[in-house]
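**Student:** The whole structure should be built from the sequences, with the hints applied where relevant.
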Amino acid sequence: MLPLGEDDEAIGAGGRAGEILRAAMRAVFRERALSRRHLALLALCVLFGWGAAGIYKVAPDEQGMVLRFGRWRETTAPGLHYHLPPPLERVILAHVTSINEVRISEAKPQPAGGAVGAGGIRMLTGDENIVEAEYSVLWKIKDAGAYLFHIQDPEALVRMTAETAVREVIGRNPIQAALSEERQRIAAEAQAEQQALLDSYGAGILVIEVQLQRVDPPTAVIDAFNDVQRARADQQRARNEAEAYRNDILPRARGEATRITEAAEAYRRQVVALAEGEVSAYRAAHDVYLRAPEVFSWRLYLDSMDALLAHAGRVVLDPGGKGMGAVVPYLPLGEGPGAKAEAAPATLPGHAP
2 MLPLGEDDEA
12 IGAGGRAGEI
22 LRAAMRAVFR
32 ERALSRRHLA
42 LLALCVLFGW
52 GAAGIYKVAP
62 DEQGMVLRFG
72 RWRETTAPGL
82 HYHLPPPLER
92 VILAHVTSIN
102 EVRISEAKPQ
112 PAGGAVGAGG
122 IRMLTGDENI
132 VEAEYSVLWK
142 IKDAGAYLFH
152 IQDPEALVRM
162 TAETAVREVI
172 GRNPIQAALS
182 EERQRIAAEA
192 QAEQQALLDS
202 YGAGILVIEV
212 QLQRVDPPTA
222 VIDAFNDVQR
232 ARADQQRARN
242 EAEAYRNDIL
252 PRARGEATRI
262 TEAAEAYRRQ
272 VVALAEGEVS
282 AYRAAHDVYL
292 RAPEVFSWRL
302 YLDSMDALLA
312 HAGRVVLDPG
322 GKGMGAVVPY
332 LPLGEGPGAK
342 AEAAPATLPG
352 HAP
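Under my numbering, the first residue of the sequence shown is numbered 2, with each subsequent residue one higher.
No wet-lab data here; the hints were simulated from the structure.
Glycine included, each C-beta is placed from N, C-alpha and C at the ideal position.
Take these hints with a grain of salt, some might be off.
[Unchecked claim] Cβ-Cβ distance ranges computed for the label pairs, FRET-style:
#1 Gly-256 - Val-229: 39 to 47 Å
#2 Gln-236 - Arg-173: 21 to 29 Å
#3 Glu-129 - Ala-197: 24 to 32 Å
#4 Arg-173 - Ala-78: 33 to 41 Å
**Tutor:** Structure follows, in structure tokens:
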């Protein structure tokens with residue numbers, strides 16, 4: 002606290018300042034017409050300056066949030082804008098192009114004090130296997146107003162929605178999909194799921210990418226898992242070999258079956274055609290027989306004898322047979338044993354040799 006003399010001196014100085022201000026005011030209002038013009042001009046300048054205070058510029062990497070009496074009213078894009086002058090409205094500028102990253106590589110401790118997984122967050126796959134996943138989320142601000150006034154902890158929200166989305170997608174896929182080249186597809190589906198969740202919360206956050214950095218079985222069962230994978234590989238190899246053998250033997254069997262079927266069909270057509278030909282020949286011969294039985298019988302007999310004797314070395318004739326009277330006996334003397342003279346040619350009765 003100041004000493005008393007000094008307090009009196011300060012009071013005196015304040016009184017002198019008040020007198021000086023009153024003297025200045027009396028000088029200003031000495032001429033009434035001139036003071037009114039100055040006041041009007043001064044009021045106009047003040048009003049123009051107050052109105053011009055509502056002009057603001059948003060940079061290309063920013064978004065502007067307009068607050069009216071402290072309540073968020075709208076979000077403006079980059080460029081020149083206008084809002085009601087203070088204290089009616091004010092603007093908050095926020096950078097929205099910077100990319101943020103949230104790495105999720107370790108599970109949070111449970112109430113009992115133990116971690117769910119020291120090497121990553123454990124998740125259940127669609128075929129009831131367990132994997133440990135490490136992943137990261139790249140995100141940025143999409144709507145600065147929603148980002149600032151709708152959520153309280155953006156990073157925690159991004160972490161929570163990312164874990165929910167990744168668990169959801171991995172839970173729909175078998176473990177082989179998460180461990181193989183389908184990991185990129187799983188990451189894309191997780192990104193879409195997380196973006197849908199954030200949009201439903203009105204968070205104003207845009208998920209750029211979800212990166213699955215590591216997806217492995219738990220360390221405690223990695224050896225057993227590898228044994229299972231090797232067994233599955235052997236099973237797949239044996240299945241492929243059986244499939245190759247099947248692909249080799251079945252076409253050949255089908256080809257052989259087709260060949261046999263076609264040969265049988267050809268034989269059937271041949272036998273049927275021969276039978277039909279024989280039936281047609283029999284019917285034709287039967288018609289001829291009905292018209293001339295004796296002539297047909299004799300003709301049939303001659304045809305049979307011709308076919309039979311064509312391959313016979315010796316022929317024995319019955320002179321008493323029908324039509325045998327004109328046959329001249331013939332004895333080949335030159336062919337017998339000890340025969341030396343040439344056989345004379347046979348002649349018909351009543352004819353000279």
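**Student:** Can the suggested window of 33 to 41 Å be confirmed for the beta-carbon pair Arg-173 and Ala-78?
**Tutor:** Since the Cβ atoms of Arg-173 and Ala-78 sit about 38 Å apart, the hinted range of 33 to 41 Å holds.
**Student:** Per the hint of 24 to 32 Å, is the separation of the Cβ atoms of Glu-129 and Ala-197 within bounds?
**Tutor:** At 26 Å between Cβs, range holds.
**Student:** Tell me if the beta carbons of Gln-236 and Arg-173 are separated by a distance inside 21 to 29 Å.
**Tutor:** holds, 24 Å
**Student:** Take the C-beta atom of Gly-256 and the C-beta atom of Val-229, compute their distance, and say whether it sits inside 39 to 47 Å.
**Tutor:** holds, 41 Å
Violated hints for the displayed structure: none, as all numbered hints are satisfied.
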